[in-house]
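J.: Spelled out from the first residue to the last, the chains are:
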Amino acid sequence: MLQIQHLRKVYPNGVVALNDVSFKVKDGAFLAIIGLSGSGKSTLLRCINRLIEPTSGKIIWGDIDITAAKGKEILKIRRQIGMVFQQFNLVKRSSVYTNILSGRLGYVETLPSLLHLFSKKDHDKAIRTLKQMDLLEKAHVRADSLSGGQQQRVGIARALMQDPKLILADEPVASLDPVLAHSILKYLERLNKENGITVLCSLHFLDLVHRYATSAIALKDGNVVFEGLPKQIDDKQFKAIYGQEAEKISIV
Amino acid sequence: MRKEKNKNYLYPISLSSILIPGLGQVLQKKQSRGIVIFFSTIILLLLIIWALNNYGISKITIGDIETSWLLIPFTLFWIWNAIDSVLIGKNKNAGLFLGVFCAFTILFVIGWHVTEVKPDLLLNKIGDARVVVTKILNPDFFSIEKNGKTEICSWNCLWTNFRDKLYGKPIQNIQFSKNPGDIFGRIQTVNSIGDPIKPTFFVGKLIETIAIGLMATLFSIIIAIPLSFLGAKNIMSRLPGGNNIYFFMRTIFNLGRAVDTVVWGIFVVVWVGLGSFAGVIALTIHSAAALAKLFSEEIEHIDPGPVEAITASGANTIQVIRYGVIPQIIPPFLSYTLLRWDINMRSATVVGFVAGGGIGYFVLETIRVGAYQQYAAALWSIAAVIMIVDNISTRMRENIILDKPKPPKRGGSLGFLKPFLFIVIGLAIFVSCWNITKIDLKDLLQPGPTFIQILKDFSNIDLSISTVELISKQMIITILQAMLATFLGAIFAIPASFFVAKTLTGKSRVLSWLFYLSRSIFNFLRSIEALLYVAIFVYWVGIGPFAGMLALAITTFALLGKMFSEAIENIDSGPIEAVNATGASKIQMIIYSIIPQIVPSFTSYLVYQWDINIRMATIIGFAGGGGIGLTLSTFFGSLQYHKAGTVVVFIVLVVALMDYASAKIREAMI
Numbered sequence: 001m002l003q004i005q006h007l008r009k010v011y012p013n014g015v016v017a018l019n020d021v022s023f024k025v026k027d028g029a030f031l032a033i034i035g036l037s038g039s040g041k042s043t044l045l046r047c048i049n050r051l052i053e054p055t056s057g058k059i060i061w062g063d064i065d066i067t068a069a070k071g072k073e074i075l076k077i078r079r080q081i082g083m084v085f086q087q088f089n090l091v092k093r094s095s096v097y098t099n100i101l102s103g104r105l106g107y108v109e110t111l112p113s114l115l116h117l118f119s120k121k122d123h124d125k126a127i128r129t130l131k132q133m134d135l136l137e138k139a140h141v142r143a144d145s146l147s148g149g150q151q152q153r154v155g156i157a158r159a160l161m162q163d164p165k166l167i168l169a170d171e172p173v174a175s176l177d178p179v180l181a182h183s184i185l186k187y188l189e190r191l192n193k194e195n196g197i198t199v200l201c202s203l204h205f206l207d208l209v210h211r212y213a214t215s216a217i218a219l220k221d222g223n224v225v226f227e228g229l230p231k232q233i234d235d236k237q238f239k240a241i242y243g244q245e246a247e248k249i250s251i252v
Numbered sequence: 253m254r255k256e257k258n259k260n261y262l263y264p265i266s267l268s269s270i271l272i273p274g275l276g277q278v279l280q281k282k283q284s285r286g287i288v289i290f291f292s293t294i295i296l297l298l299l300i301i302w303a304l305n306n307y308g309i310s311k312i313t314i315g316d317i318e319t320s321w322l323l324i325p326f327t328l329f330w331i332w333n334a335i336d337s338v339l340i341g342k343n344k345n346a347g348l349f350l351g352v353f354c355a356f357t358i359l360f361v362i363g364w365h366v367t368e369v370k371p372d373l374l375l376n377k378i379g380d381a382r383v384v385v386t387k388i389l390n391p392d393f394f395s396i397e398k399n400g401k402t403e404i405c406s407w408n409c410l411w412t413n414f415r416d417k418l419y420g421k422p423i424q425n426i427q428f429s430k431n432p433g434d435i436f437g438r439i440q441t442v443n444s445i446g447d448p449i450k451p452t453f454f455v456g457k458l459i460e461t462i463a464i465g466l467m468a469t470l471f472s473i474i475i476a477i478p479l480s481f482l483g484a485k486n487i488m489s490r491l492p493g494g495n496n497i498y499f500f501m502r503t504i505f506n507l508g509r510a511v512d513t514v515v516w517g518i519f520v521v522v523w524v525g526l527g528s529f530a531g532v533i534a535l536t537i538h539s540a541a542a543l544a545k546l547f548s549e550e551i552e553h554i555d556p557g558p559v560e561a562i563t564a565s566g567a568n569t570i571q572v573i574r575y576g577v578i579p580q581i582i583p584p585f586l587s588y589t590l591l592r593w594d595i596n597m598r599s600a601t602v603v604g605f606v607a608g609g610g611i612g613y614f615v616l617e618t619i620r621v622g623a624y625q626q627y628a629a630a631l632w633s634i635a636a637v638i639m640i641v642d643n644i645s646t647r648m649r650e651n652i653i654l655d656k657p658k659p660p661k662r663g664g665s666l667g668f669l670k671p672f673l674f675i676v677i678g679l680a681i682f683v684s685c686w687n688i689t690k691i692d693l694k695d696l697l698q699p700g701p702t703f704i705q706i707l708k709d710f711s712n713i714d715l716s717i718s719t720v721e722l723i724s725k726q727m728i729i730t731i732l733q734a735m736l737a738t739f740l741g742a743i744f745a746i747p748a749s750f751f752v753a754k755t756l757t758g759k760s761r762v763l764s765w766l767f768y769l770s771r772s773i774f775n776f777l778r779s780i781e782a783l784l785y786v787a788i789f790v791y792w793v794g795i796g797p798f799a800g801m802l803a804l805a806i807t808t809f810a811l812l813g814k815m816f817s818e819a820i821e822n823i824d825s826g827p828i829e830a831v832n833a834t835g836a837s838k839i840q841m842i843i844y845s846i847i848p849q850i851v852p853s854f855t856s857y858l859v860y861q862w863d864i865n866i867r868m869a870t871i872i873g874f875a876g877g878g879g880i881g882l883t884l885s886t887f888f889g890s891l892q893y894h895k896a897g898t899v900v901v902f903i904v905l906v907v908a909l910m911d912y913a914s915a916k917i918r919e920a921m922i
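Protein sequences, first through last, are from chains A and B. If you use the numbering used here, the first sequence corresponds to residues 1 to 252, in order. If you use the numbering used here, the second sequence corresponds to residues 253 to 922, in order.
Hints are computed from structural coordinates only; laboratory data are not their basis. Treat the hints loosely; a few may be bogus.
Once the Cα atoms are required to be at most 25 angstroms apart in a straight line, the calculated DMTMM-like pairs of lysine to aspartate or glutamate come out as [stated by the list, open to error]: (1) A:Lys92 / B:Glu549; (2) A:Lys138 / B:Asp655; (3) B:Lys485 / A:Glu53; (4) A:Lys138 / B:Glu560.
Model the full assembly from the supplied sequences, consistent with the hints where possible.
T.: Structure follows, in structure tokens:
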């Protein structure tokens with residue numbers, strides 16, 4: 001169980017990104033986070049792995065108080081939480097294989113990792129993950145020579161290397177073609193259903209939310225304006241989240 | 253709303269600029285414009301008074317009052333500022349032309365006088381110049397035996413002999429002179445006293461220069477890479493107390509950069525003594541600071557995405573740097589290193605002026621004895637080496653910047669030997685350079701007693717009014733000298749750059765020949781440092797700021813010509829097509845579609861060049877070019893370290909200020 005309690009984030013320039021956010025996520029859920037750009041989705045996800053320091057509030061994950069963690073504890077928490085990004089955030093000049101191995105960094109000693117020395121176990125794991133994400137034949141090419149969909153699969157593979165119990169996906173399909181969007185979300189869905197990894201995923205398109213998510217929350221101006229099942233988001237809810245001007249659009 | 257409000261205050265606020273220039277602009281939210289106008293006004297007025305009192309520049313007498321006619325453009329400047337302020341109240345502005353024109357008129361008139369520009373000298377002493385130019389065009393590479401005497405055999409003589417050989421006539425015996433041996437190296441069988449020794453290779457001065465440049469580049473990378481991480485804001489903000497280290501490092505970088513290699517040279521010589529080693533250290537200090545600054549800026553500009561992703565996976569800061577930062581910065585680091593190698597080679601040719609090693613020292617010696625044909629041979633050889641270095645460096649940088657993914661390596665049968673081969677060659681070059689430059693680390697740890705004296709004197713620099721006045725005077729001359737050189741160079745570079753722009757020369761054979769000819773001339777002129785040109789002009793117009801200004805103008809011409817022509821080549825072809833489609837002639841096309849596009853980049857290059865020229869002008873005096881460099885070398889030569897320290901402080905301040913101002917102006921341009 002992941003519990004977010006009265007989470008608030010005010011940036012140094014005075015912008016209130018999260019006002020007072022509270023919600024709960026059951027283990028094994030696929031939670032979709034929706035809302036307009038600037039509604040606080042990215043800030044919320046980054047507070048959960050402490051890439052961004054929340055101003056106040058609490059994040060409790062199982063028996064761990066994430067917000068209270070200090071120094072090395074944060075690194076220990078982060079390595080159990082995979083993250084997938086809109087812009088993939090791969091090291092473009094490194095090979096796919098190196099990118100994937102970098103997901104193990106939280107588990108290995110600093111000195112050997114500086115010399116690119118990883119254990120046999122880690123190498124085996126990398127090969128297995130590559131197979132799982134259908135990337136085996138691309139292992140030794142540079143990351144920037146892959147297509148967008150392939151790069152996002154590398155991004156997911158890197159997160160998988162962490163043996164995550166939770167995956168935070170920040171608009172994972174916003175930079176991809178609609179067809180590829182389904183392909184990527186199916187990979188996430190499989191991890192969620194088969195491996196039991198909890199997924200928190202911010203999404204733009206409502207039909208993707210309906211298709212993949214098991215529960216949903218909506219943010220508006222840093223506040224939770226909806227919490228419930230995806231199918232409960234009707235036209236009225238939709239207008240409340242996205243504003244009166246909004247029109248539903250669907251993707252293939 | 254806001255407009256209404258403004259109207260009520262319009263006149264009092266706008267007209268406040270009549271009382272205090274720039275005030276109206278500041279009050280109307282154009283702060284930077286107002287501040288620039290305010291300080292320009294003060295500086296111009298002070299300059300006019302200074303010029304009148306010290307040199308009697310532009311003195312006119314009205315009745316009993318002596319005054320300066322430069323107050324006329326000054327008044328115009330003031331009026332322009334008031335008009336500008338009023339127009340800003342109406343959401344317009346007065347345009348920059350009149351203000352800039354008035355300011356530069358004042359600067360030019362004063363600059364012309366203090367730089368002792370005497371165009372008549374150029375014509376009156378054309379005879380002397382012709383002698384020098386003839387000698388320079390006929391360098392001493394070969395010699396010939398004539399009537400038992402050895403004579404220099406240059407192009408003309410070589411050609412005559414070559415023709416004779418073609419026709420089968422008997423030819424005289426042509427040999428390498430002693431001079432190319434001094435430059436490139438020779439095998440010697442006797443030592444300096446004349447005793448026979450076994451054949452030994454003596455390294456020439458140019459080879460020594462190449463070694464100095466290589467070693468300095470290597471050392472500066474080794475120093476700059478770790479320091480650059482300490483000077484990168486995005487890395488340091490991750491660490492406790494990192495921001496203080498960041499500011500400290502950036503200050504050190506800027507100090508090291510602001511002082512020219514040649515100036516560093518005079519310190520280092522006191523420390524380790526004359527020789528190539530001093531040259532290596534001086535170059536390393538300047539180059540490490542410059543590289544570290546560029547490197548840390550590159551680190552700051554990396555894509556933060558991968559860094560965030562790797563941080564999110566639970567990696568610690570060191571691992572984040574290794575996996576998220578380093579792979580990203582390798583191409584820009586390599587590219588800047590190559591650029592720096594190119595620059596270091598150029599600086600290595602002049603560092604010998606003070607440090608005593610390399611070709612610079614050789615040039616200084618030849619000039620001292622008036623051996624212009626030997627001097628010329630050095631110039632030609634330097635140009636050849638620098639053009640080769642420039643070419644290699646540019647090509648390699650182009651490849652690095654493209655940064656194409658390589659196809660997966662195929663392990664050829666001997667492929668594994670390649671890295672070994674590189675290591676062996678690299679080590680061989682390193683060891684021979686180490687020996688050539690006579691690097692002796694013991695010297696580093698034993699600074700001469702004078703060096704301690706310098707450090708003592710520098711902590712207690714002379715700030716008495718008379719010293720400061722003298723130094724300010726030379727500093728103003730240096731700044732104005734640089735300004736005149738920039739303009740003189742630009743006046744010639746602008747028309748020339750149109751010939752050198754590939755896009756404009758078109759397909760006509762004559763024009764494309766002209767293109768190659770002018771581009772080669774640019775490259776040739778560019779490859780020789782201004783300091784090496786000074787000798788020619790000192791011979792022509794005499795020692796002083798005028799000679800320095802002309803030498804600077806030559807390099808400015810070549811550098812601006814290159815940058816301008818590249819700017820012309822890089823313009824958007826759309827508007828050209830559009831204007832051509834209307835049936836316009838070539839001249840019309842240039843006026844209506846090219847000029848409007850290139851004005852901003854040309855102006856920004858001009859400002860940049862002025863900045864570079866001020867740096868160069870601070871050292872041009874070492875070779876007789878006047879200005880602050882002459883003052884510095886005089887103070888150093890006469891062991892007045894208290895005063896030399898003051899000069900260095902002034903140079904650092906002015907160079908840093910100009911650097912900042914030029915960066916700001918260029919930002920505003922683009």
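J.: Each hint should be assessed against the structure and marked as holding or not.
T.: Hints, verified against the model:
1. A:Lys92 / B:Glu549: 19 angstroms, holds
2. A:Lys138 / B:Asp655: Given pair Lys138 of chain A, Asp655 of chain B holds - Cα atoms ~19 angstroms apart, limit 25 angstroms.
3. B:Lys485 / A:Glu53: Status holds; Cα separation ~19 angstroms.
4. A:Lys138 / B:Glu560: It holds: about 24 angstroms lies between the C-alpha atoms, which stays within 25 angstroms.
The structure shown violates none of the earlier numbered hints.
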